[in-house]
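Enquirer: This is what each chain is made of:
There are 2 protein chains.
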Amino acid sequence: MRFSECHDLAIHGLCCLAAQPKGRLLAAKDMAKALGAKLSYLAKILQILAHAGLVEAKRGKAGGYGLSRPASEITLSDILGAVNGGPRIYPCPGTRRCSKSKPCAIRAAFDGADRSMTRELGRVTLSRVVADLRAGGKTGNTPWLQATLVQAGA
Amino acid sequence: MRFSECHDLAIHGLCCLAAQPKGRLLAAKDMAKALGAKLSYLAKILQILAHAGLVEAKRGKAGGYGLSRPASEITLSDILGAVNGGPRIYPCPGTRRCSKSKPCAIRAAFDGADRSMTRELGRVTLSRVVADLRAGGKTGNTPWLQATLVQAGA
Numbered sequence: 001m002r003f004s005e006c007h008d009l010a011i012h013g014l015c016c017l018a019a020q021p022k023g024r025l026l027a028a029k030d031m032a033k034a035l036g037a038k039l040s041y042l043a044k045i046l047q048i049l050a051h052a053g054l055v056e057a058k059r060g061k062a063g064g065y066g067l068s069r070p071a072s073e074i075t076l077s078d079i080l081g082a083v084n085g086g087p088r089i090y091p092c093p094g095t096r097r098c099s100k101s102k103p104c105a106i107r108a109a110f111d112g113a114d115r116s117m118t119r120e121l122g123r124v125t126l127s128r129v130v131a132d133l134r135a136g137g138k139t140g141n142t143p144w145l146q147a148t149l150v151q152a153g154a
Numbered sequence: 001m002r003f004s005e006c007h008d009l010a011i012h013g014l015c016c017l018a019a020q021p022k023g024r025l026l027a028a029k030d031m032a033k034a035l036g037a038k039l040s041y042l043a044k045i046l047q048i049l050a051h052a053g054l055v056e057a058k059r060g061k062a063g064g065y066g067l068s069r070p071a072s073e074i075t076l077s078d079i080l081g082a083v084n085g086g087p088r089i090y091p092c093p094g095t096r097r098c099s100k101s102k103p104c105a106i107r108a109a110f111d112g113a114d115r116s117m118t119r120e121l122g123r124v125t126l127s128r129v130v131a132d133l134r135a136g137g138k139t140g141n142t143p144w145l146q147a148t149l150v151q152a153g154a
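Just so you know, the sequences run in chain order A and B.
Under this note's numbering, the letters of the first sequence match residues 1 to 154, in that order.
Under this note's numbering, the letters of the second sequence match residues 1 to 154, in that order.
Same shape as in the complex, but just chain A:
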């Protein structure tokens, strides 16, 4: 699995949505501002997350983004899977004529590590992360999350 700004924004963005009061939508521009992200880039990520069934958008003046299912039913593994089209930590370049259908021993070892990581991240729900972020937020650890709550008037 390769972690990039894309994964990072997807996770942080979903935390922002999960932290909103029930039923309140968040505009992409407010989210982008809070996360210090480029709006056009964040919009693409939100599109990927919508396609994966994690967020839904409502258009119009009172529109914005919200989670499409409860935060307690979304795990970190779901998020990475949505961004990657399935988690994989070892992107075998295949330049050494390894067989794609029959993974070599190196790839097999990393597939095992993948499964172990996926299991671990599959145990962590978005609701738990947000609860922990809020608890840590008292020490000023998560200004980005607070910012979306202020912007949404929560």
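Misleading hints may appear alongside valid ones.
What the hints assert, rightly or not - To give a feel for the contact side, a few chain A residues facing chain B, derived at Cβ under 10 Å:
# : residue
1 : 40
2 : 41
3 : 77
4 : 109
5 : 123
6 : 129
7 : 134
8 : 135
Stated by the list, open to error - Derived DEER-like restraints, expressed as beta-carbon distance ranges:
#  : chain 1 : residue 1 : chain 2 : residue 2 : range
9  : A       : 57        : B       : 143       : 48 to 58 Å
10 : A       : 56        : B       : 69        : 46 to 56 Å
11 : B       : 112       : A       : 24        : 29 to 39 Å
12 : B       : 59        : A       : 53        : 55 to 65 Å
What the hints contain is simulated information worked out from the structure, not anything from laboratory work.
Computed from a predicted model, the values in this text were never measured in an experiment.
Note that beta-carbon positions come from the ideal geometry of N, C-alpha and C, so glycine has one too.
Here the structure of chain A is known, so what remains is to put chain B in place on it, guided by the hints.
Expert: Relative to the frame of chain A, chain B by itself:
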């Protein structure tokens, strides 16, 4: 942890060294040829691995690289740790003013996944990978490994 060509070459390079008959050194240029890698890039990786105490170099005409400890005492986790200066799958960009000393809940969750992956890869020794590669090699799965054995005259 970010996987790159650097990690990939480090793992494949060490497999080549582990596959050599006892005491036989492998020249960097032969390894680079077998792995389809640029010699200057591979040389830098070998330097990192030497610094981490995984390989040692002998200069001169009969020189080359060899493992500095038995392949049964080197794990995939050791290799990634050597390349990364310690494994970490979630490189928090820190652009959101998260505290470095006190990881946020997102980072903490990924640190847990890191530990799980490291544990898994720490169980896989280089000698096991090479034995598995050789078993798979009968189906033509690892031409790069065979190439280093031919070049070394093994």
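Enquirer: Is 29 to 39 Å right for how far apart the beta carbons of residue 112(B) and residue 24(A) are?
Expert: Given range 29 to 39 Å: holds, Cβ gap about 30 Å.
Enquirer: Holds or violated: the hint that residue 123(A) contacts chain B, with Cβ atoms closer than 10 Å.
Expert: holds, 9 Å
Enquirer: Would the stated hint for residue 109(A) survive a check requiring a Cβ distance to chain B of less than 10 Å?
Expert: At about 5 Å, which falls below the 10 Å cut-off, the nearest Cβ of chain B leaves the hint on residue 109(A) intact, so it holds.
Enquirer: Holds or violated: is there a CB of chain B closer than 10 Å to the CB of residue 40(A)?
Expert: violated, 17 Å
Enquirer: Just to be sure I understand the hint, the distance between the Cβ atoms of residue 59(B) and residue 53(A) should be within 55 to 65 Å; is that true here?
Expert: About 59 Å separates the Cβ atoms of residue 59(B) and residue 53(A), which means 55 to 65 Å holds.
Enquirer: Holds or violated: residue 41(A) as interface residue toward chain B, Cβ cutoff 10 Å?
Expert: Where the cut-off is 10 Å and the nearest Cβ of chain B is about 13 Å from residue 41(A), the hint is violated.
Enquirer: Does residue 135(A) pass the interface hint, meaning its C-beta sits closer than 10 Å to a C-beta of chain B?
Expert: Status holds, d = 8 Å.
Enquirer: Would you check whether residue 77(A) satisfies its interface hint, that is, whether its CB is within less than 10 Å of any CB in chain B?
Expert: holds, 9 Å
Enquirer: Would the hint on residue 129(A) stand, with a C-beta cut-off of 10 Å toward chain B?
Expert: holds, 5 Å
Enquirer: For the restraint on residue 134(A), tell me whether the closest CB of chain B is nearer than 10 Å.
Expert: holds, 9 Å
Enquirer: Taking the beta carbons of residue 56(A) and residue 69(B), is their distance inside 46 to 56 Å?
Expert: holds, 55 Å
Enquirer: Is 48 to 58 Å respected by the C-beta to C-beta distance linking residue 57(A) and residue 143(B)?
Expert: Distance hint for residue 57(A), residue 143(B) holds at roughly 49 Å.
In summary, the numbered hints that this structure violates are 1 and 2.
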